[in-house]
Amino acid sequence: MDVLIPSPLHSYTGRRRVDAAGATLADVLADLDRQFPGIRFRMIDEQDRMRVHVRFFVNGAQTFDLSSPLRPTDEVAIVQALSGG
Amino acid sequence: MAVAPKKTAVRATAGRVADVAPRTRAQPSPRRRPGVLLLVATRKGAWLFHGDARRQTWRCDGPHFLGNIIHHLVLDPRDGRTLLAAAKTGHLGPTVFRSTDGGRNWKEAARPPAFARAPGGEPGRAVDHTFWLTPGHQSEPGVWYAGTSPQALFRSVDGGVSWDLFFDLQTDPQYRKWLGTAQDGTPDGPKLHSILVDPRNPAHLYFGMSGGGVHETIDGGRTWQPLVAGLEVVEGLDASNLAFHDPHCVQLCPSLPDRLYQQNHCGIYRIDRPSDTWERIGTRMPKRVGDIGFPMVVHPRDADTAWVFPMDGSSVWPRTCVGGIPAVYATRNGGRTWQRSAAGLPQRDAWWTVKRQAMAADGSDPVGLYFGTTGGDLWASRDEGREWTCIARNLPEIYAVETGRPA
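So the sequence lines, in the order shown, correspond to chains U and R. Each residue of the first sequence is one higher than the one before, counting from 1 in the working numbering. Each residue of the second sequence is one higher than the one before, counting from 1001 in the working numbering.
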C-alpha cells in the first residue's frame, strides 16, 4: 500500500511516498523497517508506543492503534504532529 | 543519513569576535603537527572546527544533521577517526549516528540505546534521549558508554553500532528508590552523565546522575556504590536521600586518576581517593560570584589546575552569567584559591551561560580551553584562559563542546 512519509524521515526513504505491505499498521511499520533500517524506532518507542509527536492516519482518519487492520488499497499517512510552533 | 557540510575558515583574533569567512588557507599537510578538532553539538545540529597546530586558524565543517538535536558529539581518542553523535529531533525518537572517517560519512546505529520491553501490562520506559557518550578504556577498543534520560547506563562493544543496558538502575530496588520520581530530575528529564573510566583500570568507572548522585564500580559494573559523602543538597532537604543529590559535571584528572573535581548544584568539590568524602572547594570563590555552575574542566597534565564557569544560581536560578558579565575561574592549587579569567570576553550585558558539556580543554601545551554558549558563540583560549577569542558566532544554542586529535 501507499505510505506517505514525513520530511524528517526522508533521510531514510529518499522519497515522500513508498510502498509497504502488511495486514495491520504494525505490520506495515515492520515492513518499512525492513526496507529502511532504523526508521521504525524513530516513530515507535521500545514499548511499542507511538512517539508523542508522530501521528498516523489511515485513509485520512487518525489512528492510535497499531493493530488496526489494513487493506492493500488503504493509504497510510505518517505526519509530524502540529503543535503550534 | 548523509550530510554535505559547508567548509569555511576563521582566523582567531585575540580580544574580538572573528567572523566566519571564505576559506583562505590550504589545509595542513600530513607532515605538519596535528591540529585540534573541536566537536560542537547544538540544539540544531553539529559542527566540527579544525584548528591548526597553533590553534590560530579554524576551518568550519558543518552543519551536520541540521535541525537535529545533538546532545553530544565525541571523537574516539583510540583511533582519531570514529565519531559518535547522540541525536534526536523534536518529533522523532532518539538515535546514535556513527562516522568512521572523521565526519565525512555517517551511518545510524543498528540498535540505539533502548530499554527492554516491559512485561505485559506494565508501562515500561523509553529512552527520550541519549545525553552523554564516553569512549571506553584504551585496552577495550570498540567499547563505548552512553548515559540517557530517563537515567540509565548503556554500553556498546562494537564501536557504537549496537547498545545494551549496562546497569539497570530502575530494576535495582535500592537504586530505584534513590532515583526518585520524574519530578526529581531536571526540567527536560533527569540525565545520567559524567561517565568516567579510570585510565589505569577498565573495571573502575564512575557516573553522575542529575537526580541521584555520583556512583562508582570497581568490578566492571557488577556492583555500584554511591560516592556522595561531603556533598551538600538544597537547604531543607535530607542529604542522606540520594534523590536530592545533583552533580552537574564530574571530571577525573588524567594525570592523577585518584583526584576528581565536581561542579554540583550546591557548589564545587574535590575528592582524593581513597577518601570517600568530597571537600567543598568552591567556598573560596568570590562571594559575589558564588560557586554554582554546570561545566567542570581539568588540566590534562596538572591535577592542581581546573576551570569552572560560574552562573547565577540565586532566587529562581536565572542560569545566566553572574550579573551579565561572563568569566571563567581557574584554580592552580586544587581549589585553595581561584583566579578570574575574562580578558577578551564581553564586559557587560551577556545573558547567556555555558552548559555542563559545553566547556573543554585540549591536550596542547599550553592547554587550549574552549566553551560554547547558550547564545551560540564559541570561545577559545590558547593560553589556559588568560585571553579569550570568539571563533564562531550565531550557531544554535550550544549543548556540548569536546576536543580531539584527529588521526
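Don't take every hint at face value.
[Said to hold, decoys possible] Calculated from the model, a selection of chain R residues having no Cβ within reach of chain U, i.e. all distances over 12 Å:
hint : residue
1    : N1068
2    : K1088
3    : G1093
4    : R1111
5    : R1117
6    : Q1225
7    : S1255
8    : P1274
9    : P1286
10   : S1315
11   : T1320
12   : R1405
[To be verified] Chain R is faced by these chain U residues, among others (derived, beta-carbon under 10 Å):
hint : residue
13   : L4
14   : P8
15   : A23
16   : E46
17   : R49
18   : R51
19   : F57
20   : V58
21   : A61
22   : F64
23   : L66
24   : S68
If you're looking for bench data, these hints aren't it; they were derived computationally from the structure. Note that CB positions come from ideal geometry on N, CA and C, so glycine has one too.
How the hints compare with the structure:
The Cβ of N1068 (chain R) does not lie farther than 12 Å from every Cβ of chain U; its closest approach is about 9 Å, which violates its non-interface assignment. Its closest Cβ contact with chain U, about 8 Å, brings K1088 (chain R) to no more than 12 Å, contrary to its assignment away from the interface. Against the 12 Å criterion, G1093 (chain R) falls within the reach of chain U, whose nearest CB is about 5 Å from its own CB. Listed as outside the interface, R1111 (chain R) is inconsistent with that label: its C-beta sits roughly 9 Å from the nearest C-beta of chain U, within the 12 Å cut-off.
Against chain U, the non-interface label of R1117 (chain R) is violated: not every CB pair exceeds 12 Å, the least being about 6 Å. Q1225 (chain R), annotated as away from the interface, keeps every beta carbon of chain U farther than 12 Å; the closest lies near 29 Å. Every CB of chain U lies more than 12 Å from the CB of S1255 (chain R), the least distance being 41 Å, so the non-interface label holds. The non-interface label for P1274 (chain R) is consistent with chain U: the shortest C-beta to C-beta separation is roughly 39 Å, beyond 12 Å.
No Cβ of chain U comes within 12 Å of the Cβ of P1286 (chain R); the nearest lies about 40 Å off, and the non-interface call holds. At roughly 28 Å, the least C-beta separation between S1315 (chain R) and chain U is larger than 12 Å, which holds for a residue marked as non-interface. The non-interface label for T1320 (chain R) is consistent with chain U: the shortest C-beta to C-beta separation is roughly 24 Å, beyond 12 Å. Here R1405 (chain R) stays apart from chain U, with its beta-carbon at least about 30 Å from theirs, past the 12 Å limit.
Because the smallest distance between the Cβ of L4 (chain U) and any Cβ of chain R comes to about 15 Å, over 10 Å, the interface hint for this residue is violated. Taken as an interface hint, P8 (chain U) checks out: its beta carbon lies about 6 Å from the nearest beta carbon of chain R, inside 10 Å. The restraint placing A23 (chain U) at the interface with chain R is violated, with a minimum CB-CB distance near 22 Å, outside the 10 Å limit. Proximity of E46 (chain U) to chain R holds as hinted, the smallest CB-CB distance being about 4 Å (cut-off 10 Å).
Interface restraint check: R49 (chain U) against chain R, minimum CB-CB distance 7 Å, threshold 10 Å, status holds. Satisfaction of the interface hint for R51 (chain U) is found here, the shortest Cβ-Cβ separation to chain R being roughly 5 Å, below the 10 Å cut-off. The beta carbon of F57 (chain U) is not positioned within 10 Å of any beta carbon in chain R (closest approach about 15 Å), and the interface hint is therefore violated. Residue-level restraint check for V58 (chain U) is violated (minimum Cβ-Cβ distance to chain R is 19 Å; threshold 10 Å).
The interface hint given for A61 (chain U) is broken, as the beta carbon of that residue sits about 21 Å from the closest beta carbon of chain R, more than 10 Å. Checking F64 (chain U) against chain R by beta carbon gives a least distance of about 16 Å; that is not within 10 Å, so the hint is violated. The beta carbon of L66 (chain U) is not positioned within 10 Å of any beta carbon in chain R (closest approach about 14 Å), and the interface hint is therefore violated. At a threshold of 10 Å, the smallest CB-CB gap from S68 (chain U) to chain R is about 20 Å, leaving the interface hint violated.
Consistency note: the structure conflicts with the earlier hints numbered 1, 2, 3, 4, 5, 13, 15, 19, 20, 21, 22, 23 and 24.
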